[in-house]
Amino acid sequence: MEFEGFILDKFQEDAIRAIEINHSMVVSAPTGSGKTLIADYIIDKELKGKKRVIYTAPIKALSNQKFRDFTKQYGEDKIGLVTGDLVINSSAQILIMTTEVYRNMAVIKDPMLDNVAYCIMDEVHFISDEERGYVWEESIIFSPETVRFLFLSATIPNGHEFADWVKTIKKHQVEVVVHTVRPVPLEIKFFDTDLGITTLQEIKKRKELDDIPDYKGAFSRRSRYKKAYVKPPEFTDLIKELKAKGKLPCIYFVFSRVKTQDYAVKLAKISSYVDQKDKFELAQFITNEFQKINEDISRLKSTKEVRSCLSKGIAFHHAGLLPDVKHIIEKLFGKGLIKVLFATETFAVGINMPAKTVCFDGLRKFTGTGFRSLNSKEFFQIAGRAGRRGMDKTGLAVAVVHRPSLELKQVSNLVKGDTLPLMSQFKLSYNTVLNMVHLHNEAEIDKILKMNFFTFQQSEGNIDDVDVVRSIKARYEKAVKKLKVMNYISKDCLTDLGMFTTKIFSNELEISQMFATKFKDRLDEYDVLLLIGSLVYEPKREAKFFQIFPSKKIATLVNKLKDHPYLKNQEWYKHMTNLSAFLKPCSEGKKFVDILRNANMPEGDVIRFLMQLLDRLEQIDRASDDFDFKKKVQNCKDMIKNCLEGIHVF
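Going by our numbering, the first residue of the sequence shown is number 1, and it counts up by one from there.
The set of hints was computed from the structure by calculation and includes no laboratory data. Hints are supplied without guarantee of correctness; some may be wrong.
[Said to hold, decoys possible] Cross-link-like lysine-lysine pairs, in silico, BS3-like; alpha carbons within 30 Å at most:
hint : residue 1 : residue 2
1    : LYS365    : LYS243
2    : LYS109    : LYS170
3    : LYS540    : LYS266
4    : LYS170    : LYS204
5    : LYS312    : LYS243
6    : LYS590    : LYS544
7    : LYS109    : LYS427
8    : LYS503    : LYS51
9    : LYS544    : LYS266
[As the list claims (entries may be wrong)] The calculated label-pair distances, taken between Cβ atoms and stated as ranges, are:
hint : residue 1 : residue 2 : range
10   : GLU444    : LYS393    : 52 to 60 Å
11   : LYS204    : ASN158    : 45 to 53 Å
12   : ALA443    : GLU131    : 30 to 38 Å
13   : ASP194    : ASP465    : 14 to 22 Å
14   : LYS204    : PRO550    : 23 to 31 Å
15   : PHE545    : GLY370    : 19 to 27 Å
16   : GLU76     : GLU538    : 52 to 60 Å
For each residue, glycine too, the CB sits at the ideal point set by N, CA and C.
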């Protein structure tokens, strides 16, 4: 069987046969093996008819990339993008969106889903994510019965269990297609200070020698039977060895944005990785691409650092960079003109940018509250980027380790393979509960409460298991009780406050208490920006605000919140004065580059902050029926759009 000029592998043929008989599929296949070709087949098939296809991605960076790729492939008129804060061609036959947006549509029974044939869920293993996993679960539960699914992931150890769950609750056949052969075999090595690039076995031998105490001076009063000192490894030594062995280009993953940038700048000061034959092309490309960027953006420190590194064949890539700058880096890397790319973990999620070698700066990551070891899914998600099909005989993954602190058994288990099964992270948000009360009768609610993956896993497939269902029902009833006390529900029907909140998908209680009650009556546009901005802001330890605008207005707002029966004792509004650094000038008509000067927040983070603010404003606008207040909300949206004028936000 052939498609798009390719002779299909057996797993692709199996998947296409399932599509032809209208089945859903769970496709587990390594990165680069061609599983997205199955998605292409679905899109091609449905474009010949009148049905729609929705393609969901776990992060906006991936949905934006897919939008660009599919637009080139199928044409602008066929493809749309919906990411909450950004809507392009929403009437298109093929819609790309974040999974959150799809979930929101499914929960409220959006008519836009009525004509959908397939929902393609890329990186479906995100269903196990502690914070966001429930979004995938609710997306499946609340999808119309007519929708079929294509679930894609590099590895799903319990793919059959997952498929059985979907089959049980959606009442249609779900096939499991597994392909385990990588198109480019993966070799896993480690980098040690003394041994260089080596195997775990060699490190184990050396570690045993390290553990033999130094008895020199054993009878000295100060003797402590010292072990040999092992100097921590240097990333520059690893890059040097990779270059010497012909193992570039490489993506060097660092679990810190600051270090990603620092490493690139440091390496660019001491080395250049530009081949003589590429010098002219690289210089020309850099000049041409940066000429297209806003002149003020070109003068930013981060842009200058990127440009300086690029001239040496080196780059860094993280969410704090502007989209325009990231696109330049991605284009150059795709052309093979960047030999060393330092990147954060998000670069490994879906973005199709393989390299000969992938490096790990370590095997532990910061979670926001502390450090933990990588799990097998995270490790192989990143390692899977090693090896370019048709170019490399093998892909090399190298983890930097410090021998004295290395847990050999733990690391040995980690690199054996992805053994982490998909696990339910089901939770009932207040928005979900309110929509269930509004759109479903009691019998339907009882049925929905049995449909989650948690119940299926805990009951070993028996979703009618009384004990498991009882615990879920108790959580639902507890939420309903609270919502009745807070006047969202009255006599099993939604109040006006409850109806407003069915259309608010994040921070629903806080937003509804502020903007669907009398609390909003004396707010002006700046107040609205301050309140929502404080709610969506994600504080960073390193954040510094140079120019803030404290005022009596802010003090009054904070005091009102402190006196509110449901909003008092919350942490989020303590950031209000700091955020005036952005929101005061934004409300006064200032541009993006002007507000950047007031804090040290990376440009990409400021865009994300403003776009999240815009997303919440859009939700409030759709939810509210107060004409005068909607005018204020529209004014707020216009202020943000004016601030971002001339800046590409994706």
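Tested hints:
For a cut-off of 30 Å, the pair hint linking LYS365 to LYS243 stands: about 27 Å separates their Cα positions. Between LYS109 and LYS170 the CA atoms are separated by roughly 16 Å; this keeps the pair inside 30 Å, and the hint holds. For the proposed pair LYS540 and LYS266, the alpha carbon gap of about 24 Å is at most 30 Å, so the pair holds. For the hint pairing LYS170 with LYS204, the CA-to-CA distance comes to about 50 Å; that exceeds 30 Å, so the pair is violated.
Taking the CA atoms of LYS312 and LYS243, the gap is near 14 Å; set against the 30 Å cutoff, the hint holds. Annotation: proposed proximity of LYS590 to LYS544 holds, straight-line Cα distance about 20 Å (limit 30 Å). With a C-alpha separation of about 19 Å, the suggested pair LYS109 and LYS427 falls inside the 30 Å cut-off, and the hint holds. A distance of roughly 26 Å separates the Cα atoms of LYS503 and LYS51; the hinted pair therefore holds under the 30 Å criterion.
Distance restraint check for LYS544 and LYS266: the Cα-Cα separation of roughly 24 Å lies within the 30 Å cut-off, and the hinted pair is therefore satisfied. Against the hinted window of 52 to 60 Å, the Cβ-Cβ separation of GLU444 and LYS393 comes to about 56 Å, which satisfies the hint. Judged by the Cβ atoms, the range 45 to 53 Å given for LYS204 and ASN158 is violated: they are separated by roughly 31 Å. With their beta carbons about 32 Å apart, ALA443 and GLU131 fall inside the hinted range of 30 to 38 Å.
Between ASP194 and ASP465 the CB atoms are about 56 Å apart, so this pair departs from the stated range of 14 to 22 Å. Our hint of 23 to 31 Å for LYS204 and PRO550 is violated, since their Cβ atoms are close to 59 Å apart. Evaluation of the 19 to 27 Å hint for PHE545 and GLY370 yields a pass: the beta carbon distance comes to about 26 Å. About 33 Å separates the C-beta atoms of GLU76 and GLU538, a value inconsistent with the hinted range of 52 to 60 Å.
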